[in-house]
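Enquirer: Sequence:
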Amino acid sequence: MTKLYFALAALLVPLTFYSQTSSKDINVKFTEIPFKIDGILDEPQWNSAETTDSFYQFFPVDTIQAVKQTEIRMLYSATTLYIGIKLFSDGDDYVTPSLKRDYGAGGNDNISLMFDTFNDGTNAFLFGINPFGVRREALISGGGQGTSGFTMSWDVKWQGETKLYEGYYTCEIAIPLTSFKFKQGEQKWRFNSYRFDMQTNEQSTWVRIPQNQRIYNLAFMGDMIFERPLGKSRTPMALIPYVNGIVAKDYEKQTEQNNLKIGGDAKVSIGNGMNLDITVNPDFSNVEVDNVITNLTRFEVSLPEKRQFFIDNSDLFGSFGTEGDYNPFFSRRIGIAQNAQGETIENGIVGGVRLSGKLNENWRLGLMNLQTEKDESNEIASNNNTVLALQKKMFSRSNLSFIFVNRQTFEDYDFLNEADRYNRVVGLDYNLASADNTWTGKFFYHKSFSHGVENRDAAGGINLKYNSRFLNLGLSGNFIGNNFRSDLGFVPRKDILLFNPSAEVIFYPKKGNLNSHGFIARPEFVWRPTLDYQNTDYFIYTGWQAQFKSQEELSLRLFNRYTYLTASFDPTRTKNGTELPGGTGYYYTSGEVEFASDRRKVFSYTLEPGYGEFFNGSRLVLEGQMNLRVQPKMNFSLGFNYNNITLPEPYESGEIWLVSPKIELTFNKSVFWSTLVQYSNQLDNLGFNSRLQWRFAPLSDLFLVYNDNYFVNSFMPRSRSINLKLTYWLNI
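Numbering (mature numbering (1 follows the signal peptide of the UniProt record, and there is no 0)), first residue to last: -19 to -1, 1 to 713.
Quick caveat, the hints were computed from the structure, so don't treat them as lab data. Yeah, the Cβ is synthetic: ideal placement off N, Cα and C, and Gly gets one too. Possibly wrong hints are sitting among the right ones.
Cβ-Cβ distance ranges computed for the label pairs, FRET-style [as the list claims (entries may be wrong)]:
#1 Phe391 / Thr60: 42 to 50 Å
#2 Gly166 / Asp23: 29 to 37 Å
#3 Leu707 / Thr325: 39 to 47 Å
#4 Gln50 / Val331: 50 to 58 Å
Below, in silico cross-link-like pairs of lysine to any residue (SDA-like), each with a Cα-Cα straight-line distance of 25 Å or less [stated by the list, open to error]:
#5 Lys213 / Thr60
#6 Lys556 / Asn272
#7 Lys650 / Lys706
#8 Lys67 / Lys169
#9 Lys492 / Lys530
#10 Lys287 / Arg116
#11 Lys230 / Lys706
#12 Lys230 / Ser661
#13 Lys643 / Asp682
#14 Lys355 / Gln389
#15 Lys643 / Phe576
#16 Lys49 / Pro490
#17 Lys650 / Gln612
#18 Lys164 / Gln322
#19 Lys614 / Thr60
#20 Lys556 / Tyr632
#21 Lys138 / Pro222
#22 Lys614 / Leu657
Take these sequences, add in the hints, and give me the full structure.
Expert: Structure, rendered in structure tokens:
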């Protein structure tokens, strides 16, 4: 099977040989005159800057120039890239969700600028600003092919202001060259920009992008050509100390905590393309809580990483394997552990280092090492956690990547089994991306090493996609051995052989209210090798989906499922409930409808009702999200998920509720207050998280956070805490 994967990869190599030609360019002149960043483009040097030519529509059509045009000028000095933007509009009725930094771009007015500084079509820096001067920044990886490669948790220092006029607004931006990574002596970066204009109901890009691609796809970019070669990147060393005082009480365990924690991070630039991150006594207890998820499956679910230490170049470490079924390194594993009772608890991190970035034009390196504390009272060993990743660019936008993951304890513990002293994973991934992104895919093979395990300890897979304007085809499959083990990875299930083809046909009507619509079919089959390759699961998804010119979306979906339970299972997770028996197969069919309203409106919503068979019973589900915007100061949202599961006696039936109201207040661009309530009777928890944030200096914050949790049935307190946390970003 391994030979087959590499043979297929060899056959597909020629698909990536075609070089990409840039359709546009902009000359960036050198200046020694400083700018006052106030949003007003009144400095005389702006008159000498070259102006970009026309933007093209991306939505509602991708075949004409934008109705409302955008002009971009760029200049640079030895230390700073300056950008001046003029955005024409129908009026001044701009849409913004709030004044808080790092907004989502969809459904509101804004412009984003993407810089591919190594000209590889794979990674880029993104900077965005809206008409009210609210900023955001992000890292784009994987060529911008999917949402997993769009990381908004990244932070960096830069300036940006705006000015509103009748019929247009202007943006003035100054980005220190130290905020980028680039090759010394470089004279060209790849560049593109995309804009959301809610009044004209238009999305537009500088370099034309077809609608079958994502608007931030890095295959479609022009060139920005510098008048003089860029010098050496002089990124200053950044120190980010923190102080966190916490008062907490756990009512279940009858324990109290009064603690003052001090630690910090350091960021050191190594050459023009590498970062060295150092953390000492890190505080990885996020002030922002995770979103609760209703889980009716037999498998673990993953949550996104939000800790700043792991963000830069995170794709180097976390993009191996597959997104849904297997990943050999999942950074959220570090900092948590299971105690003797099998409960997941926090496991302190002593410190760590991380070296990551570009070695040269074709090579990227990632090396991470963190040490966790021992906790003998909970039977948790001290572990050293190491990840090494190496990536080689191949052809236009593809790459070959190597990963080594090692979790190991160097001490002897009476409670530790020999098989748990170490776990290692070694693997190769070939990531395919053609120059125009028509062909994308992945081929991988990984092997794990644990004490006493010598067979069925590998994982591998193939994922190939053809993406055109009217037809999308996919073919994927993977296997995970029964003895495969990745202690620092995400492996929700093992002992599987999975096959998943897909086909989608898309239409673009020339008349009527529909902008596009199409039909999709995506079957998935799972076999269990240790059960003589018995087919234990299949999931056949067929559907129709449509996007309207007024930005509403409608989907109809039909699901045909078969599940063979190898072990007993209760989908309601009722305490001491009667489980569906193992060794039994279930066929069941269901359907659902999803409608998403126009997000430009003050009130918008998404509704997703569904009904059908569920194992040997039935399930009614109603899921949705409502949003009320009182811009620019307040945003109120309400998420809900209701499941009514009816199974024949003696098996458990029940109603499962998840309700999550959230209020966000932005007093100005520096002071924010948010309160999130999460009610889940599946987890028997009612949680309150209220957070006040003051950004008193660039990337420097004071947080006051109140957390309160109650049991749902008795409304008795479960846990309570108050955090006062100060972080300060200091450049040296």
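Enquirer: Check each numbered hint against the structure and report the violated ones by number, ascending.
Expert: 3, 18 and 19
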